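**Student:** Given these sequences and hints, build the entire structure.
Residues per chain are reported as follows:
Number of protein chains: 2
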Amino acid sequence: MSTRRGARLLVVCLVLLLAPVSLCAQTDPLPSWNDGPAKQSIVAFVQKAIDSAGPQFVPPEQRIATFDNDGTLWSEQPIYFQFAFALARVKALAPKHPEWKTTQPFKAVLDGDMKALAASGEKGMVQLLLATHTGMTTDEFTKTVTEWIATAQHPRFKRPYTELVFQPMLELLAYLRANGFKTYIVSGGTVEFMRPWTERVYGIPPEQVVGTSFVTTYKLGADGKPSLLRQPKIDFVDDGPGKPVNIQKFIGRRPVLAFGNSDGDHQMLQWTAAGDGARFMGLVHHTDAAREWAYDRQSHIGRLDKALDEAQRRGWTVVDMKSDWKKIFAFE
Amino acid sequence: MSTRRGARLLVVCLVLLLAPVSLCAQTDPLPSWNDGPAKQSIVAFVQKAIDSAGPQFVPPEQRIATFDNDGTLWSEQPIYFQFAFALARVKALAPKHPEWKTTQPFKAVLDGDMKALAASGEKGMVQLLLATHTGMTTDEFTKTVTEWIATAQHPRFKRPYTELVFQPMLELLAYLRANGFKTYIVSGGTVEFMRPWTERVYGIPPEQVVGTSFVTTYKLGADGKPSLLRQPKIDFVDDGPGKPVNIQKFIGRRPVLAFGNSDGDHQMLQWTAAGDGARFMGLVHHTDAAREWAYDRQSHIGRLDKALDEAQRRGWTVVDMKSDWKKIFAFE
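Chains as they are written, first to last, in the numbering used here: chain A, 14 to 345; chain B, 14 to 345.
Hints were generated in silico from the structure; no laboratory data involved.
Don't take each hint at face value.
Identical copies carry no separate label here, and so any pair may be met within one copy or between two of them.
Claimed, not checked - SDA-like cross-link-like pairs, simulated, lysine to any residue; straight-line CA separation at most 20 Å:
| hint | residue 1 | residue 2 |
| --- | --- | --- |
| 1 | LYS232 | ASP276 |
| 2 | LYS52 | GLY193 |
| 3 | LYS156 | GLN75 |
| 4 | LYS238 | ARG326 |
| 5 | LYS104 | MET127 |
| 6 | LYS195 | GLU74 |
| 7 | LYS335 | GLN180 |
| 8 | LYS195 | GLY216 |
| 9 | LYS246 | VAL228 |
| 10 | LYS238 | LEU321 |
| 11 | LYS246 | SER226 |
Computed from a predicted model, the values in this text were never measured in an experiment.
**Tutor:** As structure tokens, this is what we get:
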């Protein structure tokens, strides 16, 4: 090789080193998405947001993207996965609580009596949550979640719950991050149920997970060791109008992209839509009973009704799982 | 220039491009710090934390550093700067509140009667805070803070308050970030008073600012426009034991470095100290009445008493402003 050719090669290398990642990555960043309107709207939004010469350019520090978790990043049927964790914890803790054998809603859980459990309503759900999610230190709770999530299996798919994450959404998260977006979870689920595994599963670190929270208190032990105690009292419900409130509290910036799947995400999408510049509002519509589940306006879990109407009226992106996603789960 | 020399130059450029930043930066990252024990303890901590072969290595994602704001990153005398903002707002809003002319603590502020103001105590302070920091949308409040911080001057130094940030601490923040740390503010001040300017002044973005908060509610206007309303009710006081609680709530990881200056930071330092691996607990001790202020155990603002005892007992780093800092403010 001549020195001149060598020098030219080095120049090429230099140019490549300095080139933005997008130039090098010619492969499709969203391979599990069919080339329909949903995928096109995502790519068009990102191109507008990163085009520094365009009218809708979003400066890198403002590229905040917020995602609901249950039903948006992973499945939520036949019951919220966090609720499956709560039921497992009731069974594990039962030996220490003989009174649960005769007290609802615990009796229903121990008897496997789903009818009685449903009859306990929202009050019963909260009781189960408090009994299984509070009354320990934050470190102890994290350990319990970490052990459960590593071993528990989903009843239909007989796989760890963390394998029921949506492959197209993992690709979307990575695509956004490659284009300078900071990706957040903003979920109605409780925050410390998610943080132990979101970094590994979604690439979203604990400090970018926002959720429903319990009151926590600081205690300095007699041995001088401090701990944080989870108290049996809900601090804030991160759902519906609570989502924009918590986005402001935790992030302090309005998102430019928000993705949900239910009416619990409606206000987060409205709040996102009301900002200036490039915007993206998305909903995952569960339409595939064969590969996942099909439900919307009538569902008890993840009801999608008013938000679907507004999305259709305002041209927000509605992902039709059945037609927009080539693959739902990585294991398919 | 021969092509061979040209090629060699390109190779050098390439090597430089690929070299870690630390190799290029041979200059002292903390030039405003005298070469005493405080500076040495900082550098020793960072070297331990980033040494991937050492026993106290801290993986990059765990490099969380939390800083108090008032008295730690900028001055807090003769009154908290946020309180100066509240007083200015009372005067600006007075025409709309004729009743303030005869109602304490507002009358005291309008009359410039500091004795009566002090007599109103903590209850009076909270009244002033609520009257000036709530009752508007989040966007309106941000605008008010942004205008005030750009124009108000500190009574002693006759300069914008944002020039009363400590140059040695700015260098420390930058040094930590250059070594992969994520820098946070965890302040007793209210979060939305800080967020409009912390990115510009400290390089700390809004989503890394944690503070005292007010209850906020979501409202969809008759015109379909959503807003977040700041309600006259304190949500959470981010001070004392509230700091580790909020660190867990907002960040979800235990810091490896924490810096404060008062007993309000005591529990944050205890919580940080109780983790594994490399740790750094620091206190700014205000000892320089000539260049800044001198106060500790007897002060109403920024009292440093119990935390100072524990720092001395446990060998935490206590920065002696007078001897450890060559320069306090950039304008000196």
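**Student:** Each hint needs a verdict: does it hold in this structure or not?
**Tutor:** Tested hints:
1. LYS232 with ASP276: between (38 Å within a copy, 16 Å between copies)
2. LYS52 with GLY193: within (19 Å within a copy, 35 Å between copies)
3. LYS156 with GLN75: Intra 34 Å, inter 17 Å, cutoff 20 Å: inter-copy only.
4. LYS238 with ARG326: For LYS238 and ARG326, only the inter-copy Cα distance (15 Å) is at most 20 Å; the intra-copy one is 56 Å.
5. LYS104 with MET127: within (14 Å within a copy, 62 Å between copies)
6. LYS195 with GLU74: both (8 Å within a copy, 15 Å between copies)
7. LYS335 with GLN180: Result: close within a single copy only, 14 Å intra versus 57 Å inter.
8. LYS195 with GLY216: Cα proximity of LYS195 and GLY216: in one copy and across copies (11 Å, 17 Å).
9. LYS246 with VAL228: both (6 Å within a copy, 17 Å between copies)
10. LYS238 with LEU321: Intra 50 Å, inter 18 Å, cutoff 20 Å: inter-copy only.
11. LYS246 with SER226: For LYS246 and SER226, the Cα distance is within 20 Å both inside one copy (9 Å) and across copies (19 Å).
Violated hints are absent here; each numbered hint is respected by the structure.
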